[in-house]
Amino acid sequence: MDFRFDIIAEYAPFFLKGVLLTIGLSIIAIIVGSILGLVIGLGKISSKQLVRLPFEWYINFFRGTPLFVQILLVHFGLMPMLFPQPNPIISASVSLSLNAAAYIAEIFRAGIQSIDRGQMEAARSLGMTHVQAMSYIILPQALKRMIPPFGNEFIVLIKDSSLAAIIAAPELMYWGRAAQGQYYRVWEPYLTVALIYLVLTLSLSKLLHYLERRYSAK
Amino acid sequence: MIKVTNLKKSYGDLEVLKGLDVHIKEREVVVVIGPSGSGKSTFLRCLNLLEDFNEGEVIIDGFNLKDKNIDINKVREEVGMVFQRFNLFPHMTVLDNITLAPVKVRKWSMEKAKQKALELLVKVGLQDKAHVYPDSLSGGQAQRVAIARALAMEPKVMLFDEPTSALDPEMVGEVLAVMKQLAQEGMTMVVVTHEMGFAREVGDRVIFMDGGYIIEEGKPSEIFDNPKHERTKSFLSKVL
Ligand SMILES: Nc1ncnc2c1ncn2[C@@H]1O[C@H](COP(=O)(O)OP(=O)(O)OP(=O)(O)O)[C@@H](O)[C@H]1O
Ligand SMILES: [Mg+2]
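From first to last, the protein sequence lines are chains U and G. Each residue of the first sequence is one higher than the one before, starting from 1 at the first, in our numbering. Each residue of the second sequence is one higher than the one before, starting from 219 at the first, in our numbering.
Because the hints were derived from the structure by calculation, they are not lab data. Be a bit skeptical, because a hint or two may be false.
Stated by the list, open to error - Some chain U residues near chain G, calculated using beta-carbon distances under 7 Å: (1) Met120; (2) Ala122; (3) Gly127; (4) His130; (5) Pro140.
As the list claims (entries may be wrong) - Just so you have them, the derived chain U footprint on chain G, three or more residues with Cβ under 8 Å: (6) 229-239; (7) 301-314; (8) 317-324; (9) 406-413.
All residues carry an ideal CB built from backbone N, CA and C; glycine is no exception.
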C-alpha cells in the first residue's frame, strides 16, 4: 500500500485552521460550561427540592442523551428559532457548552460535597452568609480537588468537538472528512487527524499532571 | 443573655430534645454533661441555629430566633462556637483563619483585624504560629486557634461542644486553661464537656441531660457531691 503524503501536505493548512477551531471550541465550552456548571451544580445541592428539580433534569438530559443528538437539536432546532442563518460554529459552541455544563456541574457538586460539613458550619457560626462561606471557604478547597476531573472533561471536550463536523463546523475532523471525500483515501486524512487529536490530549494531560503536582504540594 | 423555653427538636420521627427550659445570665459559665446521644450537641447547635428547632422559643442577646425578621447572621456574630474537631480552614494560615470573619462580616479594616488576631494569639500562647497552616499544628494548638478565631468576632456568648474530646490527653490541659481564663474574664459560656474537673472548678452551674430532657441542674458542688436524681447518680458513678 502506498501512503500519499502529498494529500497531507496539501491539507496541512486546513488541518492547522481546523485544529485552531477545535482548540477554540473546547476552550469556549470549558469556560462557558464552567460558569453554567457552577450555577447548575450549586442549584443541584440546594436544600429546596423545587429549586433542585430543574437542575437535576438539566444534568439528566445532557448526560443521558448523545452529544450527537444535542448538536443536531441545537443546530437545526434551537438556532433557527433565534437566528435566520444558523452559524455552525456558534451552534457547535452552544451545544458543547451546554453539554460540558452538565458534566462540570457534577464535578462542582462532587467537589463541594467532598468538603467536610464542619467547614460550612464553622464559617456560618462566625456570621458568614451562605454565599460568603461558599466563596471563601468551600469553593477554594473544592476547586483544588476538582483539577483532575476537570482536566478529564477538557480532554473529553477536545475529542467530542469532532462531532461538530456533522453540522459542517470547520474544525479538525471536518477537514479530515473533506480530504477523505476529495481523494477517496481513508488512511492519510484520518490517521493524520487522529494523530493530531492524540498530540492535543496527551499534551493537555501532561500539563494537568504538572498542575496537580504543583497544587497538591501546597 | 440566653432564655430557652420548651425547646423541642426532632430528626424525622426521632425526638432528640423534648422540651428544655434554660436561663443563662450574662457572665455565667454553664457546663452541660450527660451520656452520649442525650442531645447535648443538638441543644448547643440550636442556640446559633446550626440546627433549626421544631417548637419552643430561644431568645439570645435579645434576638428571638424564631422571629422571621431577624438576620441569623447578626445573631451568630454575637455567638462564637468551638467544635470538637476544630474545623479550622486548612487552605488559610492561622492569621487568615482568625481575620477572615472580622474583615468580611464585621467589615473591620485588615489592619485592625490583624492587630486583634495577634493579640488573641498571644492570649492563647501561639504568637509564633501566625503564619503557619493549620495542618502543622498539634490538636491542642489547633483548638486554641479555633478559640481565638471565634473570639476575634468579639462575641457576647461562647459555645463549646466537647472542645477537648478529640485531643490527646496531654493537650487537654492547655485548652482548658484558655477556657478557664476566658471564664474568669467574664465571658458568658455554655460548655458541653466530659471534663468533670473543669465543670467543678470553672462552672457556675452544671446541667445534666439525658434522653432529651434536663434531668437535674445546680451548682457543681450540688450536682457532683449530692446528686438528687437516680440517673444523675448512675451517670456520675460511671464518669467520675
Ligand atoms: N443530623 C442528624 N440526623 C439524625 N439524627 C441525629 C442527627 N444529629 C444527631 N442525631 C441524633 O440525635 C441524638 C442526640 O444527638 P446529639 O449529638 O445531640 O447527642 P450528644 O449528647 O451530643 O452526644 P455525644 O456525647 O455523643 O456527642 C442522637 O440519638 C443522634 O443519633
Ligand atoms: Mg455531641
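Enumerated hints in conflict with the structure, sorted upward
1, 4, 6 and 9
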